[in-house]
Amino acid sequence: MTGTTGAPAERREGREKVGGTARYAAEFPLPGRVQAWPVPAAVARGRVTGIDTAAALAVPGVLDVLTHENAPRLAEPDDATLAVLQDPRVPHRGWFVALVVAETLEAARAGAAAVRVGYEAGKHDVVLTPSHPGLYVPEEASAGQPGVREQGDPDGAFENSAVRVDVAYRVPPLHNHPMEPHASTARWEDGRLLVHTSSQGAHTVRAVLAGLFGLPEERIVVTAEHVGGGFGSKGTPRPDVVLAAMAARHTGRPVTVAFPRRYLPAVVGHRAPTLHRLRLGADADGRLSCLTHEVTTHTSRVKEFVEHAAVPARIMYAAPHRRTLHRVAALDVPSPSWMRAPGEAPGMYALESAVDELAGELGMDPIELRVRNEPDVEPDSGRPFSSRHLAECLREGARRFGWDRRDPRPRSRRDGPLLLGTGVAAATYPVLVGPSTAEARALSDGTFAVRTDATDIGTGARTVLAQVAADALEVPLERVRIEVGSTELPSAPLAGGSSGTASWGWAVHEACARLTHRLAGHTGPLPLQGIDAHADTTGTADAESAYARHAFGAHFAEVAVDTASGEVRVARLLGVYAAGRILNARTARSQFVGGMTMGLGMALTEGSTMDAAFGDFVESDLASYHVPVHADVAEIEAHWLDEDDSRLNPMGSKGIGEIGIVGTAAAIGNAVHHATGVRFRELPLTPDRVLAGLPARGTS
Amino acid sequence: MKEFAYVRAGSVEEATTAYASHPGARYLAGGTNLVDLMKLGVETPAALVDVTRLPLDAVEELPDGGLRIGATVRNSDLAAHPLVRDRYPALSQAVLAGASGQLRNAATTGGNLLQRTRCPYFQDLSKPCNKREPGSGCGARDGVHRDHAVLGHSAHCIATHPSDMAVALAALDGRVELSGPDGARSVAAADFHRLPGDRPERDTEIRPGELITGVVLPAATAGLPSAYRKARDRASYAFALASVAVVLRLRDGVTDRVAIAFGALAHRPWRARRAEEALTGAAPTAAAFEHAVDLELSAARPLRDNGYKVPLARNLAVDVLSRLTDTALGRRAS
Numbered sequence: 001m002t003g004t005t006g007a008p009a010e011r012r013e014g015r016e017k018v019g020g021t022a023r024y025a026a027e028f029p030l031p032g033r034v035q036a037w038p039v040p041a042a043v044a045r046g047r048v049t050g051i052d053t054a055a056a057l058a059v060p061g062v063l064d065v066l067t068h069e070n071a072p073r074l075a076e077p078d079d080a081t082l083a084v085l086q087d088p089r090v091p092h093r094g095w096f097v098a099l100v101v102a103e104t105l106e107a108a109r110a111g112a113a114a115v116r117v118g119y120e121a122g123k124h125d126v127v128l129t130p131s132h133p134g135l136y137v138p139e140e141a142s143a144g145q146p147g148v149r150e151q152g153d154p155d156g157a158f159e160n161s162a163v164r165v166d167v168a169y170r171v172p173p174l175h176n177h178p179m180e181p182h183a184s185t186a187r188w189e190d191g192r193l194l195v196h197t198s199s200q201g202a203h204t205v206r207a208v209l210a211g212l213f214g215l216p217e218e219r220i221v222v223t224a225e226h227v228g229g230g231f232g233s234k235g236t237p238r239p240d241v242v243l244a245a246m247a248a249r250h251t252g253r254p255v256t257v258a259f260p261r262r263y264l265p266a267v268v269g270h271r272a273p274t275l276h277r278l279r280l281g282a283d284a285d286g287r288l289s290c291l292t293h294e295v296t297t298h299t300s301r302v303k304e305f306v307e308h309a310a311v312p313a314r315i316m317y318a319a320p321h322r323r324t325l326h327r328v329a330a331l332d333v334p335s336p337s338w339m340r341a342p343g344e345a346p347g348m349y350a351l352e353s354a355v356d357e358l359a360g361e362l363g364m365d366p367i368e369l370r371v372r373n374e375p376d377v378e379p380d381s382g383r384p385f386s387s388r389h390l391a392e393c394l395r396e397g398a399r400r401f402g403w404d405r406r407d408p409r410p411r412s413r414r415d416g417p418l419l420l421g422t423g424v425a426a427a428t429y430p431v432l433v434g435p436s437t438a439e440a441r442a443l444s445d446g447t448f449a450v451r452t453d454a455t456d457i458g459t460g461a462r463t464v465l466a467q468v469a470a471d472a473l474e475v476p477l478e479r480v481r482i483e484v485g486s487t488e489l490p491s492a493p494l495a496g497g498s499s500g501t502a503s504w505g506w507a508v509h510e511a512c513a514r515l516t517h518r519l520a521g522h523t524g525p526l527p528l529q530g531i532d533a534h535a536d537t538t539g540t541a542d543a544e545s546a547y548a549r550h551a552f553g554a555h556f557a558e559v560a561v562d563t564a565s566g567e568v569r570v571a572r573l574l575g576v577y578a579a580g581r582i583l584n585a586r587t588a589r590s591q592f593v594g595g596m597t598m599g600l601g602m603a604l605t606e607g608s609t610m611d612a613a614f615g616d617f618v619e620s621d622l623a624s625y626h627v628p629v630h631a632d633v634a635e636i637e638a639h640w641l642d643e644d645d646s647r648l649n650p651m652g653s654k655g656i657g658e659i660g661i662v663g664t665a666a667a668i669g670n671a672v673h674h675a676t677g678v679r680f681r682e683l684p685l686t687p688d689r690v691l692a693g694l695p696a697r698g699t700s
Numbered sequence: 001m002k003e004f005a006y007v008r009a010g011s012v013e014e015a016t017t018a019y020a021s022h023p024g025a026r027y028l029a030g031g032t033n034l035v036d037l038m039k040l041g042v043e044t045p046a047a048l049v050d051v052t053r054l055p056l057d058a059v060e061e062l063p064d065g066g067l068r069i070g071a072t073v074r075n076s077d078l079a080a081h082p083l084v085r086d087r088y089p090a091l092s093q094a095v096l097a098g099a100s101g102q103l104r105n106a107a108t109t110g111g112n113l114l115q116r117t118r119c120p121y122f123q124d125l126s127k128p129c130n131k132r133e134p135g136s137g138c139g140a141r142d143g144v145h146r147d148h149a150v151l152g153h154s155a156h157c158i159a160t161h162p163s164d165m166a167v168a169l170a171a172l173d174g175r176v177e178l179s180g181p182d183g184a185r186s187v188a189a190a191d192f193h194r195l196p197g198d199r200p201e202r203d204t205e206i207r208p209g210e211l212i213t214g215v216v217l218p219a220a221t222a223g224l225p226s227a228y229r230k231a232r233d234r235a236s237y238a239f240a241l242a243s244v245a246v247v248l249r250l251r252d253g254v255t256d257r258v259a260i261a262f263g264a265l266a267h268r269p270w271r272a273r274r275a276e277e278a279l280t281g282a283a284p285t286a287a288a289f290e291h292a293v294d295l296e297l298s299a300a301r302p303l304r305d306n307g308y309k310v311p312l313a314r315n316l317a318v319d320v321l322s323r324l325t326d327t328a329l330g331r332r333a334s
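As you go down the protein sequences, you meet chains A and B in turn. One point on numbering: in our numbering, the residue at position 387 of the first sequence is 387, and numbering is uninterrupted. One point on numbering: in our numbering, the residue at position 61 of the second sequence is 61, and numbering is uninterrupted.
There's no promise every hint is true.
Derived, one-sided and incomplete: chain B residues facing chain A with beta-carbon distance under 8 Å [to be verified]:
1. Tyr6
2. Pro120
3. Pro134
4. Gly135
5. Ser136
6. Gly137
7. Asp142
8. Val144
9. Ala231
10. Arg234
11. Tyr237
12. Ala238
13. Arg304
14. Val310
15. Asp319
Think of the hints as simulated: they come from the structure by calculation, not from any bench. Ideal placement from N, C-alpha and C gives every residue a C-beta, glycine not left out.
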């Protein structure tokens with residue numbers, strides 16, 4: 001390595017984004033391009049009995065209205081949320097029942113408002129409870145994780161434990177809400193389907209479209225050049241791209257479908273609400289004998305998606321007796337799906353809060369309790385860790401945070417009406433990696449062109465891949481050109497599961513290393529077309545590892561709780577990570593800090609409410625779904641250890657896109673407990689909840 | 001799309017005439033709320049009469065020592081105006097507690113008063129709302145209503161008014177100046193917004209065609225100690241869960257003049273007359289504040305999920321009263 005990786009290289013596309021010339025999926029004004037606006041179902045369960053489109057078609061500019069009666073037929077998708085306009089069934093409120101295509105966005109919207117839909121509405125069931133009669137234990141939770149795992153006798157061990165914690169936590173529905181709402185522009189040309197879409201993976205979109213429309217993949221081109229965030233909600237195709245392709249086929253015109261913000265909660269997935277029950281039993285020295293984490297969640301009638309929130313408990317702490325279990329009920333609700341650190345974010349909130357409670361019961365420092373229960377091998381699988389530096393993260397964080405100056409007694413610091421407290425929590429996220437291909441070409445002008453269908457969803461993928469290439473080629477960074485974001489490029493997996501850089505980088509590294517080798521054997525000037533090399537990491541990147549591979553981290557928070565208002569403000573937030581080699585100090589910091597900010601939102605401000613009467617999420621715009629604003633984020637710092645792990649990939653990196661959110665909410669919740677002496681067990685910690693939990697301010 | 005006429009008025013008379021000649025017209029100022037509601041289909045004006053060019057964009061000192069704030073003075077300019085900051089600090093604080101910097105740069109004084117409720121049922125055409133569509137019902141009463149009213153609501157409507165600025169104006173005895181077909185008049189800011197009763201579609205006492213031309217802050221409250229306090233879900237850019245504006249003058253060790261107005265508790269800024277009455281002439285003690293505020297809030301009728309607003313409003317009011325007292329008495333704020 002020449003040392004290009006690790007450097008804080010600036011984003012390659014930063015100038016285009018800041019200057020507004022970077023084009024997003026809805027911004028391709030192709031000749032004849034028209035706009036489409038979907039019509040959401042107004043009942044939570046039932047079927048469409050009739051659609052009157054006359055008034056909509058009478059709106060000037062409206063070209064056509066697609067419904068289940070006239071829309072192109074699709075092959076049955078693996079992901080049933082994509083079977084749009086195929087039948088009259090309404091599985092949840094907000095499910096699309098029609099699509100209006102018009103010359104302008106305004107006409108399409110007016111047309112959509114004029115569509116009259118008749119329903120036969122059934123009695124709906126949208127409220128998740130811990131004792132819902134529809135609950136069952138799924139074979140698999142999401143990410144292919146077993147629905148249940150059990151070792152030893154957790155119930156018996158709990159009964160016999162000297163110190164016990166038996167607690168319930170709740171996390172509300174959460175929404176990805178990327179800055180750029182989902183959008184796609186599609187056109188058909190000579191039997192080929194050409195699509196611009198806002199997605200985390202163009203090749204994934206292409207494969208799905210090929211199946212739906214019965215086309216060979218070679219006849220589909222998908223580009224996702226710039227993507228304004230996804231946080232999992234663009235990991236696989238969403239209805240926008242299917243609707244755009246259908247409408248383009250139906251009308252013979254290029255069509256853009258750009259979802260309004262308010263429609264997103266119903267159709268692009270959400271993090272399902274999770275109800276947690278944890279039982280931790282320990283001896284008087286704090287050694288865990290049993291750990292039980294049971295998670296109850298919902299899915300939709302359309303598909304089974306089970307937030308795998310009990311999974312981190314299979315990784316974190318040594319305990320001979322253990323049970324990790326998921327229960328799910330299919331309700332008449334929108335389909336849940338991936339959201340940043342699926343499983344880990346809500347699971348670690350509950351687990352790390354419960355560990356803090358156990359530390360309180362034991363009268364032990366929460367860092368020491370965690371270190372004491374560090375496992376030698378991955379507890380559930382028995383596999384050795386490729387590297388695990390959680391204890392080091394906790395120690396380094398403690399040093400930077402000034403943890404040793406902390407008075408462990410709850411409610412021990414006060415500043416006027418403010419109660420001050422600090423908290424800590426651990427973080428973990430698995431190392432995921434998939435096979436990818438890439439191509440590198442040495443050009444006669446001395447530059448190098450590197451091509452792979454990676455997706456830059458705002459993380460800086462172009463930049464870091466160029467760094468990986470420059471290192472493998474042993475040339476300065478500015479001589480590397482990089483092309484990503486299109487199925488015309490060598491195939492690559494999606495940007496998800498914090499696996500992108502590892503997967504793409506592996507192939508880029510290999511292609512560049514091969515090219516270096518070829519160039520070493522070449523004499524004389526390069527041929528006009530240059531010299532190239534390809535790589536395909538199938539069979540290596542996806543080979544089963546003998547090791548349990550995870551990134552770890554530690555989060556520290558300092559909060560002030562206003563006893564008058566119940567408002568919680570975070571004064572300081574610190575994250576320390578052990579995530580292999582960090583490949584770009586600038587973009588990595590941005591991802592860590594972004595994840596922590598999202599975790600702050602999860603702790604304090606984010607969450608939506610299922611309207612029992614209507615069956616939708618009430619908070620559906622950014623005025624009511626509160627993501628943190630600048631004023632919520634005071635001092636925030638991310639640091640990392642130099643972790644050397646040779647069992648990962650040629651760069652030695654672990655994923656960093658998600659671990660920042662994991663553990664942040666627990667650290668803040670634990671700090672609120674330290675500040676107030678009250679344990680709040682339901683997120684978010686909004687003033688209404690906090691005030692209700694604090695002792696009433698009596699007459700003085 | 002629904003087409004609408006657009007008229008840019010150059011004078012108040014031009015504006016009210018244009019409004020009268022376009023049935024279904026709305027006045028357009030900053031547009032920060034109206035345009036959003038048009039996109040949602042909640043507002044479907046036949047015409048927009050743009051009043052942003054009217055000569056109403058000045059803050060002027062009145063001969064008696066009061067201030068007139070023109071209706072098109074931007075919220076940012078109002079909050080930053082030295083005389084406002086100096087003489088009516090609660091107003092400056094309230095405006096700065098609302099919205100975001102970008103929105104305050106666009107929003108006007110008159111428009112701020114006329115913003116509509118943020119009730120999600122009001123904003124969603126697929127759900128019933130008596131305010132949007134009289135007689136259709138109220139989705140919020142048995143629905144999601146954590147943010148809704150605890151005072152003065154009716155069987156028909158439990159919405160709150162979202163303005164921060166209006167709360168301070170109510171406490172400062174501001175008056176809203178109106179001009180309309182029948183001439184000019186003014187209404188006390190505290191009475192400008194209505195309670196919903198059986199006519200929740202009417203937010204204010206404004207008459208058809210009337211235009212807000214300005215707001216007058218009286219000399220009587222100029223320079224009095226005042227403050228605004230707002231509790232919200234995040235540190236900025238969130239509507240109030242509860243808020244309070246307080247004006248307090250002590251003389252000879254007793255409360256000589258006090259005004260308290262609550263925000264986010266009712267369909268209008270809630271002037272706490274009973275509390276004010278109880279406090280006037282009394283010693284400014286924490287116990288007296290608590291007693292008076294409790295007396296006021298004993299009228300509260302919380303719904304299933306918004307009972308927290310009562311202790312929240314109580315705490316905010318008591319804290320602001322105590323803080324102003326400490327400052328007046330030269331005590332260090334505790």
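Evaluated hints:
no., hint, verdict
1, Tyr6, "violated (15 Å)"
2, Pro120, "holds (5 Å)"
3, Pro134, "violated (20 Å)"
4, Gly135, "violated (18 Å)"
5, Ser136, "violated (13 Å)"
6, Gly137, "violated (11 Å)"
7, Asp142, "holds (7 Å)"
8, Val144, "holds (4 Å)"
9, Ala231, "holds (4 Å)"
10, Arg234, "holds (5 Å)"
11, Tyr237, "holds (5 Å)"
12, Ala238, "holds (6 Å)"
13, Arg304, "violated (11 Å)"
14, Val310, "violated (10 Å)"
15, Asp319, "holds (5 Å)"
Hints 1, 3, 4, 5, 6, 13, 14 from the earlier list are contradicted by this structure; the remaining hints agree with it.
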